[in-house]
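Kindly produce the complete structure, drawing on both the sequences and the hints.
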Amino acid sequence: MTEVNQTQTLGPVERLARRDGVIVLLAALLIAGLAAWYTLKGAGVPMSMNPVWTPGYALLNLVMWWVMMIAMMTPSAAPMLLLYVAVKRMGPEGHRTVWLSLLFLGGYLLAWAGFSLIATLLQWQIERFDLSMGAMMPITSPVLGGAVLVMVGVYQFTGVKEACLTHCRSPGAFLADHNRPGAAGALRLGLLHGGYCLGCCWALMALLFVGGIMNLYWIAGLALYVLAEKTLPKMHKFSSATGSLLLAGGAFLLISALI
Amino acid sequence: MKQWSIQGEEIANCNCNFGCPCQFGVLPSDGTCEAAVFFRIDKGNYGDVQLGGLLAAGVYKWPGPIHEGAGEMQLIIDDKASAEQRAALEAIMTGKDTVEMATMWFIFSAMCPTKHDTIVSPISVEMNAEDRIGKGTVPGVVEVNAEPIPNIMSGAPHRVGIRLPNGFEFGFAEMAKGSTKTSGGAIELLKNSGTHAHFASLHLTGEGRVGA
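Chains as they are written, first to last, in our numbering: chain A, 1 to 259; chain B, 1 to 212.
What the hints contain is simulated information worked out from the structure, not anything from laboratory work.
On a predicted model such as this, the values are computed, not experimentally measured, just so you know.
We treat Cβ as the ideally placed atom computed from N, Cα and C, and that holds for glycine.
Be a bit skeptical, because a hint or two may be false.
[Stated by the list, open to error] Reference listing, derived: stretches of chain A covered by chain B, where coverage requires no fewer than 3 residues with Cβ under 8 Å from a Cβ of chain B:
{"no.": "1", "stretch": "166 to 176"}
{"no.": "2", "stretch": "203 to 213"}
[Said to hold, decoys possible] Quick partial rundown of chain A residues pointing at chain B, CB under 8 Å, derived from the structure:
{"no.": "3", "residue": "Met90"}
{"no.": "4", "residue": "Pro92"}
{"no.": "5", "residue": "Asn179"}
Laid out in structure tokens, this is it:
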């Protein structure tokens with residue numbers, strides 16, 4: 001009746017191809033691990049109370065922000081990255097899967113470098129106007145702190161946030177729409193994915209100004225929250241709940257400051 | 001990349017609610033995707049190998065939505081196919097010689113790291129898309145039955161279709177109600193009963209769906 005065709009056994013090429021996913025995942029883990037280690041070490045930024053914002057110091061801060069973002073955001077990019085690997089290795093560019101996947105990750109992290117630049121400028125201004133407890137420390141002004149919480153809370157409810165989160169949570173559709181061949185295509189796709197991810201998370205990252213830029217509890221907490229928002233089912237309600245909590249917290253800070 | 005083209009009809013049944021949430025970018029009804037699909041190729045070629053008149057089927061099972069991968073699949077190819085035709089169908093239906101993500105076969109295959117050995121067997125397919133009645137059988141392996149979706153008030157046949165102008169599988173499909181019974185194959189499907197089914201005309205090449 002039925003006869004089994006044995007021609008489908010795994011050849012050496014296919015076995016090697018299957019390792020692509022492992023290689024890319026290990027590389028991503030290594031990058032995130034190094035970034036986390038560097039962040040734990042304090043990113044080499046001298047912790048003086050009143051630093052002078054020389055170009056060198058600004059660059060060091062930029063690197064600190066970027067490394068921190070790499071440590072926080074790489075885990076959230078993993079599902080998309082693995083899907084990218086699975087699709088690439090089957091297609092005509094299968095022999096370049098690892099290289100293209102790392103370029104994709106590079107594009108994603110470049111988008112976060114853009115965020116880091118803006119964050120550094122903000123940090124400079126906050127410290128210049130003496131609104132924080134010192135370098136990398138939480139915002140001292142309850143009005144500013146409350147305003148940031150309210151802003152982040154409101155953002156959780158906006159259509160932009162929802163649109164970006166939908167993109168982030170539908171990697172298959174995202175890949176079908178935006179995938180292009182070649183190295184430039186991989187980098188572009190990474191930048192785009194990073195862009196949507198930024199649209200989702202930039203406001204949450206602003207919370208670091210409230211909790212202290214190098215506060216490890218806030219860093220780890222935010223990274224876990226972002227991962228959950230992106231991957232757990234039914235996160236829609238969770239995003240709104242977080243938004244409400246932030247709004248309540250911000251309102252409390254603002255009202256107590258004004259009374 | 002070898003040039004190929006396939007024109008034909010398909011009948012598919014999965015474990016989701018009528019309409020298949022996938023078509024709307026929504027997660028599967030119970031979180032998993034389990035499906036059986038039968039293909040009747042009316043006209044087609046893979047390079048110089050002619051494929052018209054052949055039948056094929058596929059059984060698929062994912063622990064989550066398709067795009068999360070980790071699935072398993074098993075193809076079944078007509079025992080009337082010659083060795084060359086068999087190899088050609090197997091290549092096409094595992095996404096080879098295809099632009100990335102251009103066909104559902106590419107995507108199914110990319111999302112199924114476990115590919116069970118292809119079965120070569122007699123296959124029979126009867127399809128009437130107009131009446132939404134169909135049956136696909138691989139004796140001792142898998143059987144799919146489809147009938148019209150009943151109107152919730154009267155039970156009379158309820159006709160509804162899905163148009164996907166940019167779809168990678170079909171441009172239009174008739175919705176139906178289907179069930180699948182698996183027996184001797186490598187994959188067991190237990191949830192497909194009174195669930196989504198569809199009938200669609202296919203026109204696919206390595207570049208994707210013609211007309212998309």
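Which hint numbers doesn't this structure obey?
2
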